[in-house]
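Each chain, written out:
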Amino acid sequence: MKKTIAVIGAGGAMGSALSQSLAASGHHILLMDKDSEKCHKTYDAIFSELPNANIEILNCIHEGSWEADVIIPAVAYEVQEEVADYIKDVVTGKIVISIINPLNEDKSKLLTSPFSSAAEELQKYLPYSKVVKAFNTIFPSDFKNQMNADCFLAGDDEIAVATVSALIKESGMVPQLAGNLSTSRTLESMMLILIQLCRRNNTPESGCFKIHFSKS
Amino acid sequence: MLGIESYSHKSLIINKKILSKIFLGNHQIINLENKVFFAFLRLREVYLPDNSFTMFDLLFENIERKIEITEEDKAFCKTLFIPKKLRKKQYLLQAGDISEYVAFVTKGLLRSYSVDDKGEEHIIQFAPEDWWITDMNSFLTCEEAIYNIDALEDTEILLLDKQSQDKLFEHIPKFERYFRLLIQGSFVAMHKRLLSTITNTAEEKYMRMLKTYPDLVQRVPQHMIASFLGIKPETISRIRKKQASSS
Ligand SMILES: NC(=O)c1ccc[n+]([C@@H]2O[C@H](COP(=O)([O-])OP(=O)(O)OC[C@H]3O[C@@H](n4cnc5c(N)ncnc54)[C@H](OP(=O)(O)O)[C@@H]3O)[C@@H](O)[C@H]2O)c1
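Chains as they are written, first to last, in our numbering: chain A, 1 to 216; chain B, 1001 to 1247.
Errors might be hidden in some of the hints.
[As the list claims (entries may be wrong)] With the Cβ distance kept under 7 Å, some of the chain B side facing chain A (calculated, not the full set):
| hint | residue |
| --- | --- |
| 1 | I1082 |
| 2 | P1083 |
| 3 | K1085 |
[As the list claims (entries may be wrong)] Chain B is nowhere near these chain A residues, computed Cβ spacing over 12 Å in every case:
| hint | residue |
| --- | --- |
| 4 | A24 |
| 5 | L50 |
| 6 | P51 |
| 7 | L103 |
| 8 | T112 |
| 9 | S113 |
| 10 | Y128 |
| 11 | S141 |
| 12 | M147 |
| 13 | A178 |
| 14 | N201 |
| 15 | T203 |
| 16 | G207 |
| 17 | C208 |
If you are wondering where the hints come from, they were derived from the structure by calculation, not from laboratory data. Built from N, CA and C at the ideal position, the CB exists for glycine as well.
Same shape as in the complex, but just chain A:
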């Protein structure tokens, strides 16, 4: 059955790209952002490309997370704890996708300790939810380029991981299960490297990981 997915920060770069991609797969998307004008922009952009999209704007992240089956906080790392605290009582048993990379302002290093990750911190704030790391190694601009990118994911709950794998596949990417939730430490570092590589090559932030397994 199609899922109801709450995107918190749907007016942002990542939030809007993800919302569009998930709406294209037919899911019911609840768009939420602090800035409703940005949210309306996302809404209009999705509708102009997908006139049948099942999307709507909600004003309250608590209401939206209550209604949703899957919740995606697409906000900066600095806000993660506050968002989690605010939705805590309505996300028990639900899948929360962690796309957040805990980068400092000039994106030169991670803000988390080497023994933790943004995803593991989120799981601590939401102990009764099923946090799955995914989409954090994908640039927003690449959701539209169907280039068969590998999309890594990590999580502790088998059913939740399978559900997120299906969402990734529907988005035209290849799900690569990296391991349990603590593998997020590696996945979050990988995005740091990708950003550094873009800078070194003087290209805008784009490009993706693709693993080439040898045949034999």
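Please arrange chain B with the ligand on chain A, whose structure you already have, making use of the hints.
Coordinates of chain B with the ligand only, in the frame set by chain A:
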């Protein structure tokens, strides 16, 4: 600088109007810094009555009518039940899928029904507030559900999946008793209903429904009551007319 924490009670009330304007309107009309934004959200929680603080109250009352539970038991329940909202007409379960949950209704109204070869709907159960609903066969056996469950009104539910139910039984064994009593009650009701279906006249069925569930008869469209009783909507109209003229 907005010193929200230090607002006096009086000034909070004055500001209530402004806050609801911001958060109840169709659009949020201003863009706030994050700290202020969350402070506003919290104020909204204090002043707007429709929030989740009472989400579990009805469930715990229902449980306490059958078994005694402690505050600790309640806290454990809160880690297992999935809070969920459904819009009117939205499905909780579609025939052919596996029924993953038992659902307790805290607000609103659900129904389960099957659809026959001619596309006609046959209502099996209504579940208003304080009721449990699922496709029990599918939930217990993991076979495909034969019933659809959808919302007749905007609805709030608490869901319990099989894994969580097992966890609950393991940690608090008296919940086995609670669910046994629930199933026992539903078994008795089902048999009464079966007997009524094969022995009672349409009028007797309708009068029995009116007597047992007067609120539901008010709340649900007549054709659905007819579908639930297995009689024609016209028959209900006729019975109602007859009642009106004889009283
Ligand atoms: N961009 C990327 O390449 C990329 C790739 C993978 C993962 N990510 C991760 O995705 C997350 C979002 O990144 P982004 O680039 O999309 O940032 P962004 O464009 O700044 O989007 C974040 C959005 O969230 C909104 N927001 C902030 N606080 C909020 C709240 N309390 N409630 C609701 N909405 C709120 C922001 O509004 P305001 O602007 O008004 O504050 C903004 O519209 C980050 O954690 C990032 O690490 C980004």
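Hints, one by one, checked against the model:
{"no.": "1", "hint": "I1082", "in the structure": "holds (4 Å)"}
{"no.": "2", "hint": "P1083", "in the structure": "holds (5 Å)"}
{"no.": "3", "hint": "K1085", "in the structure": "holds (4 Å)"}
{"no.": "4", "hint": "A24", "in the structure": "holds (21 Å)"}
{"no.": "5", "hint": "L50", "in the structure": "holds (20 Å)"}
{"no.": "6", "hint": "P51", "in the structure": "holds (21 Å)"}
{"no.": "7", "hint": "L103", "in the structure": "holds (17 Å)"}
{"no.": "8", "hint": "T112", "in the structure": "holds (19 Å)"}
{"no.": "9", "hint": "S113", "in the structure": "holds (23 Å)"}
{"no.": "10", "hint": "Y128", "in the structure": "violated (5 Å)"}
{"no.": "11", "hint": "S141", "in the structure": "holds (25 Å)"}
{"no.": "12", "hint": "M147", "in the structure": "holds (33 Å)"}
{"no.": "13", "hint": "A178", "in the structure": "holds (24 Å)"}
{"no.": "14", "hint": "N201", "in the structure": "holds (34 Å)"}
{"no.": "15", "hint": "T203", "in the structure": "holds (31 Å)"}
{"no.": "16", "hint": "G207", "in the structure": "holds (31 Å)"}
{"no.": "17", "hint": "C208", "in the structure": "holds (30 Å)"}
Going through the hint list in order, the structure does not satisfy hint 10, though it satisfies all others.
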